[in-house]
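Trainee: Please work from the sequences and hints to get the whole structure.
The chain contents come next:
There are 2 protein chains.
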Amino acid sequence: MGENDDSDIIEHHVEEEMEKKAARIRGLSSPLLDSLSPSEREGHSSTQSSHRLLAYSDALISIIATVMILPVAHTKVEDNEELRESVQLLLTTKIAVYLMTFLIVTVAWAAHIRLFQVIVHIDDCLALLNLACMMLITFLPYTFSLMATFPENVLGILLFCGCVMVIGVIQSVIVLYAFSRPFLLNEQIQISENLTYYKHHILKVIMRVPIMCFFASIFSFIFFQLSYVLLAIVIFLPYISQSLKWCRSKAIGQVEETPDSMLFYTYLPNEPLSKERVEAFSDGVYAIVATLLILDICEDNVPDPAVVQKQFGGSLVAALQAYGPEYLAYFGSFATVGLLWFVHHSLFLHVTKATRFMGLLNTFSLAFVGGLPLAYQLTHEFPRNSQNELEAIQISCVIVFFAGIFQLSIWVVALYNEQETLHPYVWYGGREHVFMLAKLALYPCVALGTFFLSCILSKFSTSIFHLMEITVPFAFLVLRLLVRIGVALLRFLFCPNRSDLTTIVDDEADETRVPFNAVVT
Amino acid sequence: MGENDDSDIIEHHVEEEMEKKAARIRGLSSPLLDSLSPSEREGHSSTQSSHRLLAYSDALISIIATVMILPVAHTKVEDNEELRESVQLLLTTKIAVYLMTFLIVTVAWAAHIRLFQVIVHIDDCLALLNLACMMLITFLPYTFSLMATFPENVLGILLFCGCVMVIGVIQSVIVLYAFSRPFLLNEQIQISENLTYYKHHILKVIMRVPIMCFFASIFSFIFFQLSYVLLAIVIFLPYISQSLKWCRSKAIGQVEETPDSMLFYTYLPNEPLSKERVEAFSDGVYAIVATLLILDICEDNVPDPAVVQKQFGGSLVAALQAYGPEYLAYFGSFATVGLLWFVHHSLFLHVTKATRFMGLLNTFSLAFVGGLPLAYQLTHEFPRNSQNELEAIQISCVIVFFAGIFQLSIWVVALYNEQETLHPYVWYGGREHVFMLAKLALYPCVALGTFFLSCILSKFSTSIFHLMEITVPFAFLVLRLLVRIGVALLRFLFCPNRSDLTTIVDDEADETRVPFNAVVT
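So the protein sequences, as listed, match chains S and E.
Under our numbering, the first residue of the first sequence is numbered 4, with each subsequent residue one higher.
Under our numbering, the first residue of the second sequence is numbered 4, with each subsequent residue one higher.
Please keep in mind that the hints were generated in silico from the structure rather than gathered at the bench.
Where hints are given, some of them may not hold.
Claimed, not checked - Here are the simulated DSSO-like pairs of lysine-lysine, each with C-alpha atoms no more than 30 Å apart in a straight line:
id, chain 1, residue 1, chain 2, residue 2
1, E, Lys462, S, Lys278
2, S, Lys356, E, Lys278
3, E, Lys278, S, Lys278
Mentor: Structure, rendered in structure tokens:
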């Protein structure tokens, strides 16, 4: 087998050479071909770059992660009840299901990233196995919501555990298949000597989850509460095992480390997470969430011609006016989600390496973003100036605040290790540092401000909220100017002796190069 | 202004140098940073790579393109009617709306691609303008469905035209903004001398559509049928203008060509279309379509505990059995969509350059893919062996057939210009040519076979259909083997004198290097 593989690799390189030559012959020095990375150029043989497979998987997983917000969004809040009660009812069941599903799916996604950081090339067989794996992942939310609706019924637990076990088995098959064809693996592992050690280590980590689920499904017949404990352990296993490791290292002194294996399949908070995939997954979630309301509008808010004729005397304008709040909610949530995406995009432009911990914070941020359309829809569903409306607006502010705060915390975490995770331009004292901070802080600050203003001036809460929705996009447009003015002001207040610098405020870029943090903090 | 820009560009390069140096200093020769293209490494300054903005736009547009399938999918087909009638009812309205929306949105998407092939870098301002543009594009399907539901009402036409006009204005602003900062533009345009000519040409092409819509909205007050004619012209404008150009060139001989401007904003069928974006858009559509049914399942098919207690005596299994057909439809449609994605993925691995015509064929293929979940859902909704069931199965086959055939035709079109559009390995006689053909032909052939079998053996149509669903994934797994056997057989039949070659059939890869097409055709 090994000999066969070697010949494959050699053949592979020969092919690549030939390919290049062929391209040169037919005069194809197009920028498109040149921009391809070597792994992409290998596309012609049966070995392929995994790039697009992963993009498709990310798209599927991001849809599935947000799917459980639909039952929440489509729950009709009765007008005669108080919002507080119905929200409490929602909170206890559907929102909990949504958040847990989001967490479970992102755990599966993180495992998928980890797997395909080891396996960097694919072939047809791996692509098909991955599709089978995806099919089961997309079924997870349903089994989980069955489990949540019928907590005492064995079937839900069995279905959920069954899915997780089959996913584990498929992933193990993928690992075994890839290790039997080492040219599919990450170069670092490919050239390392203890390939078998890696294989066993990875299989051990992968199989841990299905084995726990196996026990959980057995215990479900005897004492189902124990199953839930086991399943909770599965989800929080990375964090538990990591803190255990930390305790052990503290108790018995520094344990010997295996620096090579540390890169893959550890649960350290600074374990690298493919930045590209974090972006792709986030893009998927933002895109779904931004369009959630228009999906409903397109389906439900096209009036029936007969109804328009009968109830509105044929006046379409009058008929559509009834849907006014829905349009407002759509534009509001699209703009907010779009701008949060914009902040996320700006942040990740400056990130050079994503870590596990940053990925976790990103997940929390996305989970709140998923709730946004629902909250915005609520703000327009109640009569003007009612207690319900006020609370809906406050809930919206809280959600926007948390979505923004978790984005900000990604940056804070990145700053702790700025030399590895960030571009020099956003380091403390870097040229773009203050600007980036302002971008990230804008939404949390505005949301907090709106929240407190709506508490104090409860009568004008709707106007304040709409004003916020309208001004924030423009604030982002002129943010660079605002930051410059703010910085100049700060400098003027705290270092009046250096106020001569403010005269060159118009000069592009150079003035922000001096370390402001030293000034501000 | 120009001076300012020049200094910007120079500063930009200096920054990049500094960045590299800084990276070298902190010993960051990580593969991640090395794998970044130069444009991505510029991310630290206010100029950014447009990559992620486009990915997000593609995700949004792919969701929006498929949204109008939801009203089709959620139309309840009555059991007591014949499927034929209800399908005819659907065909005339909702399916037409879906197909037209898909076409309109993909036209908007193609315009977006064209725009961002000229503007290759973005800054914050462009990102925000693009988000505004996206918001209006996501609103297009709704306005169109209003227009389709109330064809004689002015409001629908006005809303639709209004959206298109605002999109046009925003795109013009984007062009003007980008041309005032030439470092944002494509290098070819950036270094060309007649920048102003390009600007005017592009603005002219962009403004054509909103101006037509402006006239359409004015005519809607006078004679609304004319508005529809104008709107139809807008959509088919590229094809009309192209055929007019062709006629002119035939009539008055070869017209002088502007080879530089030909690359951008022409409507020639071989105008390049960003391959990356075609892939991203297709991934989005496949992902949405694959999960369409699970979205419904997650929302509607979790039974109410009270109902289970009352109607099924607390037996969850019995309650879930009622949903059996839905699960089957989900797995069936996920597998079929997933495999069609797999074929698409394999095809585009071999494509080096996507053209406008290939993009159009891809759109047709995707439009059929969008109808798949609906068709699969229908197959399980009717009583066994009814006429309805038979027809639902035949409709599914037809949809799969067309989705596959259009994929195949992308390849055929690419083969006509294989030296520019394909990797040498899939050229006529290339090593992977036959294998690729088999991959692309598998679904159309199987769908055609199932269709005719279900006509002949109408009693066993369901079994035949399920058999197809189950065997096709395995057929893909062993396709390479099947192709090799088929080729060996063909060679044995037609060239018995060269049958000695078949003995080395097991030898990897080399035997397919000889030109089979010469043998087969």
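Trainee: Each hint needs a verdict: does it hold in this structure or not?
Mentor: Here is how each hint holds up against the structure:
1. Lys462(E) x Lys278(S): Roughly 53 Å between the alpha carbons, so the hint for lysine 462(E) and lysine 278(S) is violated.
2. Lys356(S) x Lys278(E): 27 Å, holds
3. Lys278(E) x Lys278(S): Within the cut-off at roughly 22 Å; holds.
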